[in-house]
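2 protein chains.
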Amino acid sequence: MITVLTGGTGGAKFVDGLRRTVPSEEITAIVNTGDDFEWWGLHISPDLDSITYVLASLLSKERGWGVQSDTFFCLQTMAGMAQPAWFQIGDRDLAVHVLRSQLIRQGKTLTGATAQIAVGLKIPARILPMSDFPVATMVTTPDGEISFQEYFVHRRYRDPVRAVRFAGAGRATPAPGVIEAISETSAVLIAPSNPVTSIGPILAVPGIREALRQTSAPVVAISPIVGGAAVSGPAGALMATQGLAVSIAGVAKAYEDFLDALVADQRDDAEAAKLERSGLRVHLTNTVMKTAEDKLALAKSAVVAASAIAPVVASIET
Amino acid sequence: MITVLTGGTGGAKFVDGLRRTVPSEEITAIVNTGDDFEWWGLHISPDLDSITYVLASLLSKERGWGVQSDTFFCLQTMAGMAQPAWFQIGDRDLAVHVLRSQLIRQGKTLTGATAQIAVGLKIPARILPMSDFPVATMVTTPDGEISFQEYFVHRRYRDPVRAVRFAGAGRATPAPGVIEAISETSAVLIAPSNPVTSIGPILAVPGIREALRQTSAPVVAISPIVGGAAVSGPAGALMATQGLAVSIAGVAKAYEDFLDALVADQRDDAEAAKLERSGLRVHLTNTVMKTAEDKLALAKSAVVAASAIAPVVASIET
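In the order they appear, the protein sequences are chains C and Y. Using my numbering, the letters of the first sequence map in sequence onto residues 1 to 318. Using my numbering, the letters of the second sequence map in sequence onto residues 1 to 318.
One or more of the hints may lead you astray.
[As the list claims (entries may be wrong)] Restricting the straight-line Cα-Cα distance to at most 25 Å, the calculated cross-link-like pairs of lysine to aspartate or glutamate (DMTMM-like) are:
| id | chain 1 | residue 1 | chain 2 | residue 2 |
| --- | --- | --- | --- | --- |
| 1 | Y | 108 | C | 38 |
| 2 | Y | 61 | Y | 294 |
| 3 | C | 290 | C | 62 |
| 4 | C | 108 | Y | 260 |
| 5 | C | 108 | C | 38 |
| 6 | Y | 274 | Y | 260 |
[As the list claims (entries may be wrong)] Take a look, some chain Y residues computed to stay more than 12 Å from chain C by CB distance:
| id | residue |
| --- | --- |
| 7 | 67 |
| 8 | 81 |
| 9 | 90 |
| 10 | 92 |
| 11 | 100 |
| 12 | 105 |
| 13 | 106 |
| 14 | 216 |
| 15 | 240 |
| 16 | 310 |
Calculated directly from the structure, the hints in this document are not laboratory data. Here the structure is a predicted model, which is why all the values come from computation and not from measurement. Note that CB positions come from ideal geometry on N, CA and C, so glycine has one too.
Bound conformation, chain C alone (with noise of 0.2 Å):
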């Protein structure tokens, strides 16, 4: 079993080389919901739908969001009724809002809704969201603090930050499953994502963190930092507000009470050696992900790593 913590299209490029690198029935993905929000009365949670999508072959390479040659048709016309249409949901994805939302309206769980779209679209793979308490990513901006879709997606991202926090996560437990998932699994990657707000609402659920130190798994996350900025979005921003280096020195330090080995880039070789240094394993590989091949890498390198602590999957051709 491989446990992955995940958010953003990041985190989905390197699940979809994960789930060609290990069976999809070995994998547990852990999913940042501190991006869900409700839209036209709808529960959206657009991290927990990338990794659906991409564990079920239908994310959309192009746009690395959304349901892969999906059309636009009822967003137009929303947008044509003057409601707000600047978060774009394709046809094929809103089923999926529109199931979850009826779901939980009928008082499942989010996990339990989860499960149960990813059972009707055939994953073999387990979906767990972070938690099933809602946890609000805010982003502080010069014109006060708005939800992480407004910052991101609305805006652009082109906000200075001042402070993001998690609103919520302090009466937040982790999803069942969650600490399990951690603790009882061969592996524990952490995917490319944001550290911020990506990984960073994961970790703030109260024993999420507790569990990562304690696991007896080797822990092991794959930078999103290549060569001194963020390979996309706004992460090198977000992290340099937390008072990190926007480095994979920087990412180390996010990770620094758990983490066992960091993947990172050949350019940040130098950075790498001084980590190593410090007692940190580092495995340089190529990170950016432009193709499948690259994503497919990029996952080996990370089981790979991870089996240099402990075996993880004899079978893997490294």
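Guided by the hints, dock chain Y onto chain C, whose structure is given.
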């Protein structure tokens, strides 16, 4: 001002003719909501939708329901996830259901939600649900009592019907504006809708039947029965269950306490002569709406029939 009581596909076709006969601004449609039901956790109002779409020039002419040239990708995705798919919601159509559901959950009445959707679709006519209270048309079959949509759409009205009731009607009140639209108007038209399950629920809302009896405006019904059978759908079978003759006489009987004139098909001239001898005004014309010209001509006939009792719209070309 012209007020039309309507439901079903026959009603939508008639309103399509009416909006080409008189300015849309002068039309108030009082619409059956007995077919409303919850589907995928959304509030669906099939008859409100048909009238909304026809008045927005969006109604599918081929199907008689839903949006012209709509796609069904969300529905297909739902079906792929083993969700019920017998009620066919198109992707554009879905926008209206999602918006209505959101508005109602936010505390808007069905009247308010309907009005906001109409504004969004730039509809100049006024669309009123018969009531803001839930009224559910329930059909008793040999297999038990089922909702109207279950009977009509899912089971394609093949079951013998033993009884029809309008659950909740006793506690319902007319929606704001309904009584005024009947009392303060130039004419009330009863569309060629099913008298039992399209017009019946409207008449079952306490106060509406009384308003029709008391209005000084002429009340003119268009018969959905031609040559002793319904033009479409289960109107004949349903009328029989209510002890009504499946004929224009049965239609006249259903509305006898408030009807001033009946527009019937030329093929029913013998029956019409009998009704006229009993004191009812009957106008004979072609009532089968196959083309846009048919719809226009029938709507004009109905307005002319009303004008023969009291002047309605001086400018109608007849």
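Now for the hints, and whether the structure bears them out:
| no. | hint | result |
| --- | --- | --- |
| 1 | Y:108 <-> C:38 | 18 Å, holds |
| 2 | Y:61 <-> Y:294 | 14 Å, holds |
| 3 | C:290 <-> C:62 | 11 Å, holds |
| 4 | C:108 <-> Y:260 | 54 Å, violated |
| 5 | C:108 <-> C:38 | 17 Å, holds |
| 6 | Y:274 <-> Y:260 | 15 Å, holds |
| 7 | 67 | 8 Å, violated |
| 8 | 81 | 3 Å, violated |
| 9 | 90 | 8 Å, violated |
| 10 | 92 | 4 Å, violated |
| 11 | 100 | 10 Å, violated |
| 12 | 105 | 6 Å, violated |
| 13 | 106 | 7 Å, violated |
| 14 | 216 | 37 Å, holds |
| 15 | 240 | 38 Å, holds |
| 16 | 310 | 38 Å, holds |
Hint check: violations occur at hints 4, 7, 8, 9, 10, 11, 12, 13; the rest are consistent with the structure.
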